[in-house]
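Student: These protein sequence lines are chains B and G, in that order.
Each residue of the first sequence is one higher than the one before, counting from 1 in the numbering used here.
Each residue of the second sequence is one higher than the one before, counting from 71 in the numbering used here.
Treat the hints loosely; a few may be bogus.
The calculated DSBU-like cross-link candidates involving lysine-lysine, where the alpha carbons are at most 30 Å apart (straight line), are [stated by the list, open to error]: (1) Lys36(B) - Lys113(G); (2) Lys290(G) - Lys28(B); (3) Lys319(G) - Lys76(G); (4) Lys35(B) - Lys293(G); (5) Lys319(G) - Lys113(G); (6) Lys29(B) - Lys76(G).
Here are a few chain B residues that sit away from chain G, every Cβ distance over 10 Å (derived from the structure) [as the list claims (entries may be wrong)]: (7) Arg3; (8) Arg8; (9) His19; (10) Glu61.
Since the hints were derived computationally from the structure, they do not count as laboratory data.
Don't be surprised by glycine CBs; every beta carbon is placed ideally from N, CA and C.
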Amino acid sequence: MNRVTVNREMCKECEYCLHFCPKKTILKKSDTVNKKGYYAVEAVDMTDCIACGICATVCPEGAIMVEKDV
Amino acid sequence: MSIVYKRPEVFTDEYMKYCGGCGHGIINKVIGELIEENNWQEKAVFVWPIGCSVYADKYFKVDSICALHGRAPAVATGVKRATPENLVISYQGDGDLVSEGMSEIMHSAIRGEKFTVVFVNNAIYGMTGGQMAPTTLMGQHTTTSPYGRAEEFTGHPVNMAEIIAGIPGCYYSERVTVNTPGNIRKMKAAIKKAFEYQMEGKGLTFVEVVSPCPTGWNMKPVKALEWLSESVISTYPLGVFKDLGKEEK
Ligand SMILES: Cc1ncc(C[n+]2csc(CCOP(=O)(O)OP(=O)(O)O)c2C)c(N)n1
Ligand code: SF4
Ligand code: SF4
Ligand code: SF4
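Using the sequences and the accompanying hints, generate a full structural model.
Tutor: Here it is, written out as structure tokens:
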């Protein structure tokens, strides 16, 4: 399975990744805040992820790492 | 596992001070990717004047100088002339470049200075609290134009990419934006081209990036991107306004 890792402490909850990800089941905001008070995004279900990298491209913080299962 | 995307190693671990969804973050990240992919880390020298990006010297493991408000092109002129082998990047906001620093950018273009300007146009003064800039749109509400920008008092927005393209010393001028993943890739290609021309010793290379300032615009980030797509781009059309490299081929 492909892997998306979000650096929780870097996320500022802008929601660009949620908005541009072509699948709506992978990324979600967490229920608890990070040290700076943001409900950081996390990858909750990788089943549909196509490792397109769009979430990482749009993230202003560079908080997202995408790895493709080869 | 193969890596599709990883934060460039040229970044430090410093927490970026930009607001959530700020275009500066995306633009900084793309410049970091280009520096890493092209092994420019030893050659790159940033000039950061005043504006929200002034702290960016702490974000990159790359040589940097902070300049007075608007004066980055004067500092970049000195660095580039003294060390022409370096990749000199003058990274300026619209308040910085078009208000306070209009003289410096114009004369750098007139002299045909050989550095690259990355001009981040968010149509507002971000750092000081969302005041009107010369680039503010007609009718746009800011803290100093609460009834909307009015022509009779403040004239029209300034289209810098077109103006700079009209100056003979400019070699390349393009306007890009960050409102979609595709446009972020186009921005990367434009900045890469500008850097390559600079490394070939060409004249002034200028990339204007139309960029969201969710805080100054008083909008949530995704809404700010939508407003940028609907309204800002019609005042600031995207495209190449000058590319002497293409004409020479
Ligand atoms: C000589 C001088 N004049 C004015 C200021 C106040 N000042 C700080 S940032 C700024 C405007 C920044 O706006 P912009 O260049 O658009 O950058 P942004 O913060 O939007 O990225 C101003 C006027 C200053 N620091 N120095
Ligand atoms: S890599 Fe593509 S599909 Fe996977 S989470 Fe990111 S944007 Fe969504
Ligand atoms: S794009 Fe980045 S900063 Fe914005 S919500 Fe997603 S992970 Fe967080
Ligand atoms: S005020 Fe605007 S330009 Fe400055 S960091 Fe915040 S969003 Fe970015």
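Student: The output says His19(B) does not contact chain G. Does that hold with a beta carbon cutoff of 10 Å?
Tutor: violated (5 Å)
Student: Next pair to validate is Lys319(G) with Lys76(G); report whether the Cα-Cα distance is within 30 Å.
Tutor: violated (35 Å)
Student: Quick one, are Lys29(B) and Lys76(G) close enough, alpha carbons at most 30 Å?
Tutor: holds (21 Å)
Student: With a cut-off of 30 Å on the C-alpha distance, tell me whether Lys290(G) and Lys28(B) pass.
Tutor: Between Lys290(G) and Lys28(B) the Cα gap is close to 17 Å, so the pair holds against 30 Å.
Student: Is the hinted pair Lys36(B) and Lys113(G) satisfied, with a Cα-Cα distance of at most 30 Å?
Tutor: violated (35 Å)
Student: Determine whether the non-interface label on Arg8(B) survives the test: each CB of chain G must be over 10 Å from its CB.
Tutor: holds (13 Å)
Student: Verify the proposed pairing of Lys319(G) with Lys113(G), using a straight-line Cα cut of 30 Å.
Tutor: holds (27 Å)
Student: Does the claim that Glu61(B) lies outside the interface with chain G hold up, using a Cβ gap greater than 10 Å?
Tutor: violated (6 Å)
Student: Within 30 Å, alpha carbon to alpha carbon, are Lys35(B) and Lys293(G)?
Tutor: It holds: about 25 Å lies between the C-alpha atoms, which stays within 30 Å.
Student: Could you check that no beta carbon of chain G comes within 10 Å of the beta carbon of Arg3(B)?
Tutor: With a cut-off of 10 Å, Arg3(B) comes too close to chain G, as the shortest Cβ separation is near 6 Å.
The structure does not agree with the numbered hints 1, 3, 7, 9, 10 stated previously, though it agrees with the rest.
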